[in-house]
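**Q** So the chains spell out like this:
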Amino acid sequence: MNTLTGVGVSPGIGFGPAYVLAVHADPVPAPGARHGGDAGAERDRATRALEQVAADLEERGIRAGGEAREILNAQAMMARDPGLAVEVAVLIDDAGVTAARAVYEAFGGYREMLAGAGGYLGARVADLDDVRDRAVAVLEGLRMPGVPDHAERPYVLVARDLAPADTATLSADVVAAFVTEQGGPTSHTAILARAMGVPAVVACPGALSIEQGAPVLVDGSSGLVRLAPSDDEVAETTNAAAARKAVLAAATGPGTTSDGHAVPLLANIGGPRDVAAALEHGAEGIGLYRTEFLFLDRATAPSGQEQESAYLEVLNAFPGGRVVVRTLDAGADKPLAFLPPRGEEANPALGERGSRLFRTNPEIMNEQLGALARAAARSSAKLQVMAPMVATAEEAAWFVAACGDAGLPSAGVMIEIPSAALRASDLAAEADFFSIGTNDLAQYTFAADRRLGALTMLQDAWQPALLDLIALAAAGAAGRGKPCGVCGEAAGDPALACVLVGLGVTSLSMAAPALPAVRAALSRHALDQCLLAAQAARAAVSPQEARAAARSHLPGLAGLAL
Amino acid sequence: MAERQVIVKAEVGLHARPAATFVQAAAKAALDVTIAKGSGQPVNAKSILAVLALDVREGDSVVIRAEGEGADDLLDQLADIASAP
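For the protein sequence lines, the chains are D and Y, in the order given. Quick note: the first sequence uses full-length UniProt numbering, first residue 1, plus one each step. Quick note: the second sequence uses full-length UniProt numbering, first residue 1, plus one each step.
Derived from the structure by calculation, the hints contain no laboratory data. Keep in mind it's a predicted model, so treat the numbers as computed, not measured. Treat the hints with care, as some may be off.
Unchecked claim - Below, simulated DSSO-like cross-link-like pairs (lysine-lysine); rule was C-alpha separation at most 27 angstroms, straight line: (1) Y:Lys28 to Y:Lys9; (2) Y:Lys28 to D:Lys334; (3) D:Lys334 to Y:Lys9; (4) Y:Lys37 to Y:Lys9.
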């Protein structure tokens, strides 16, 4: 067996000799271990050990800095947890057990709770175990296993799982890649590896069977771990990765196909704080400014003045550029504290949300549209405003009229309900532009709650039915000479981005980090290739087939190692 | 007993950084502070382990309670942290 497979959680290629961290010899204090009778002294020992561990974690955090520091500080808080201290004291006083055993048992209860919850909390078990093992090791006079923080050549660090304290002070000069047998995408190994820019594969069965010092080639994107690869293989893989990195770095400027068909590439943001990342990744403007974050966590509605400055800050970041603001998207699914409760809805996703809430609360709408109009008047950016959750041409006309009354020059609608896509031509007669929200459109097309993990398959943006609706919406807009963008997750998938352009989509808006790969993918294909890829995808009967069929028309993706 | 009810807006819920910030702020106060998820059992807001174990997700409602001098200020501060996006 020359290849192991895990989950790639930090992209890139790493190659080096394996450094296999010995399986944590869990220092489990014997269940019956009892202290000598001086409970007070034993409590003091436990307190001192926990404090020593907390201080050590904090000190490592200061040395590591950045994200690692936050993670280590959180671990230090676990060591100093007052609830834990009470349990330790009770165990020492009432059960008469040693400090080490008391610490071990007290952590055990929390450990079970976190492990039982799974997901993000389950991933915290490794952090908790590390704090526990460190405290027990201090009390029993044992040494904690460590990781070499300098090496002649960077090594591939292999372990069951890695504690933040082990990895925090490492750097890309020392570690070529991480491979862990356990862990997940939200484990701290994953978070820190991404922060360090080091490839990482987690949840990789058999990782611990890798021999100490054996050469290992790690692909942090695909999750493949090759043991003892040939020189050719190493050269080929690392060269491809370097080429891809160079291509991504070289793809700059406005979005366009290889034959010059312009596709503006825009960023999705939640507020002014996201603007820096959008600019850094070369966004030509903002395609989706989610304004609900101004409203959601408040006891009272934000004033018009406060809104105006939040909008203006974003507009000013794109002088002469485009900023598409989505009006308040809240309601049954995201309740607002300052609106009187309207009674529980059985199906919030199907309820009074988005523009529907706006319609029943005209004072909130007028305040927001007024603030937008004032901000637009003070900026050189081109402000466009759009409404979420529009289902009919009548709703589109109502919103466009309200924007006109407020003095806003460009009013569009989100296409996220199948009825809106089906009658796109009618809606396009009213609205100045469309923006397709693929996540909600998938939710309503497949009758699949987007928050349910079990229905992920139905949220796949490559589902042919979703592609059909996107094509319908784009055609409806084009027939009326109106633009139709996409501002959902789908736009950030480089292959799908080409397909969307082939379906007639005129701009793409995505999370900022996705912009370079999409820009590179578009620049390597002509509009004709995008059209053929789109046709092939729509002719498929499953998302898997649609992906494969589209890729056969998009040969430039291979060169990007995408 | 003063209390605040807020909806948690952070995408990661009251985990990770929001949980640490919340507990840190609570731990600085001399008062006893509790936090409960919905109508559930209140736990010590100064305990990171107890707060994590509540498993508060985005959109969940939490009730924070404190009693004594300065309780209102403290609760305002904690409510701001818990409801930050």
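**Q** All hints, please: hold or fail.
**A** Here is how each hint holds up against the structure:
Between the alpha carbons of lysine 28 (chain Y) and lysine 9 (chain Y) the distance comes to roughly 23 angstroms, so the proposed pair stays at or under 27 angstroms and holds. Proposed proximity of lysine 28 (chain Y) and lysine 334 (chain D) is contradicted: the alpha carbons are some 32 angstroms apart, above 27 angstroms. For the suggested pair lysine 334 (chain D) and lysine 9 (chain Y), the alpha carbons sit about 9 angstroms apart, so the restraint of at most 27 angstroms is met. Between lysine 37 (chain Y) and lysine 9 (chain Y) the alpha-carbon distance is near 14 angstroms, which keeps this suggested pair within the 27 angstroms criterion.
Checked against the numbered hints given earlier, the structure breaks only hint 2 and satisfies all the rest.
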